[in-house]
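All chains, full assembly: derive it from the sequences and hints.
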Amino acid sequence: MAVELVIFDCDGVLVDSEPISVRVGLAALRRLGRDMTEDEYIELFVGRTGDYWEQYVGATPPGWRDRFTAEYRAAVDAELRVVEGITDVLERLTIPFCVASNGRHRTIRHNLRLTGLAHHFDGRVFSAEDVAEGKPAPDLFLHAAATMGGPSLRRAWWWRTAPSG
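Oh and the sequence shown: position 23 is 23 in the working numbering, straight run, nothing missing.
In case anyone wonders, no lab produced these hints; they're calculated from the structure.
Backbone N, C-alpha and C fix where the C-beta goes; we use that ideal spot for every residue, glycine too.
Do not take every clue at face value.
Ranges of calculated distance between the beta carbons of each label pair, as one might list FRET restraints [as the list claims (entries may be wrong)]:
| # | residue 1 | residue 2 | range |
| --- | --- | --- | --- |
| 1 | Glu40 | Leu114 | 23 to 31 angstroms |
| 2 | Pro96 | Pro61 | 40 to 48 angstroms |
| 3 | Tyr56 | Leu142 | 39 to 47 angstroms |
| 4 | Arg104 | Ala27 | 17 to 25 angstroms |
| 5 | Asp66 | Arg113 | 17 to 25 angstroms |
| 6 | Thr87 | Gly58 | 38 to 46 angstroms |
| 7 | Val3 | Gly33 | 44 to 52 angstroms |
| 8 | Gly58 | Leu93 | 37 to 45 angstroms |
Taking lysine to aspartate or glutamate and the EDC-like style, the derived pairs with C-alpha atoms no more than 16 angstroms apart in a straight line are [to be verified]:
| # | residue 1 | residue 2 |
| --- | --- | --- |
| 9 | Lys135 | Asp9 |
| 10 | Lys135 | Asp39 |
| 11 | Lys135 | Glu43 |
Shown next, in the form of structure tokens:
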């Protein structure tokens, strides 16, 4: 069976945002008095939606969320890079591909523009905002596959880990 579509995740696959997210997120939680290890943070939050993060954090002091958002955006704008090797992968692909991420549309587009990858995904960006349930539920992938021309997920390949060197 031939693969007809590649569905890329964004964070950690196309753009190297996860180390930034972990560092800024841990610092923000520590300011709330919630201490955890990097491994615990990764297990709890990496790959989850912002809504999940906010549910876990719960009530916060006034201005806390604005400070966290500003710190994260500043770090992304200063540090975000393309995952090594992904540009070559995108340029060599001869079958349709898209990105499906739990991130918000504006964040995905911003990160793709910032790293120079946006032109590879014109009109082919799918977000958890588009469906009832984001990852790990299949809704996002089913929506992306149907929109991209209807290949079944058995013939689509979801690239959710960084390419190995």
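Here is what the structure says about each hint:
Between Glu40 and Leu114 the CB atoms are about 29 angstroms apart, so this pair conforms to the stated range of 23 to 31 angstroms. For Pro96 paired with Pro61, a C-beta distance near 46 angstroms keeps the hint of 40 to 48 angstroms intact. Our hint of 39 to 47 angstroms for Tyr56 and Leu142 is violated, since their Cβ atoms are close to 27 angstroms apart. Checking the proposed 17 to 25 angstroms range against Arg104 and Ala27 shows it holds: the Cβ atoms sit about 22 angstroms from each other.
Under the hint 17 to 25 angstroms, the C-beta atoms of Asp66 and Arg113, about 23 angstroms apart, fit the expected range. The supplied range of 38 to 46 angstroms is met by Thr87 and Gly58, whose beta-carbon atoms lie about 40 angstroms from each other. Separated by about 48 angstroms at the C-beta atoms, Val3 and Gly33 satisfy the suggested range of 44 to 52 angstroms. With their beta carbons about 42 angstroms apart, Gly58 and Leu93 fall inside the hinted range of 37 to 45 angstroms.
At most 16 angstroms may separate the alpha-carbon atoms for a hinted pair to count; Lys135 and Asp9 meet this at roughly 10 angstroms. For a cut-off of 16 angstroms, the pair hint linking Lys135 to Asp39 is broken: about 20 angstroms separates their Cα positions. Distance hint between Lys135 and Glu43 is fulfilled; the C-alpha atoms sit about 14 angstroms from each other, no more than 16 angstroms.
In this structure, the earlier hints numbered 3, 10 are contradicted, and the remaining ones agree with it.
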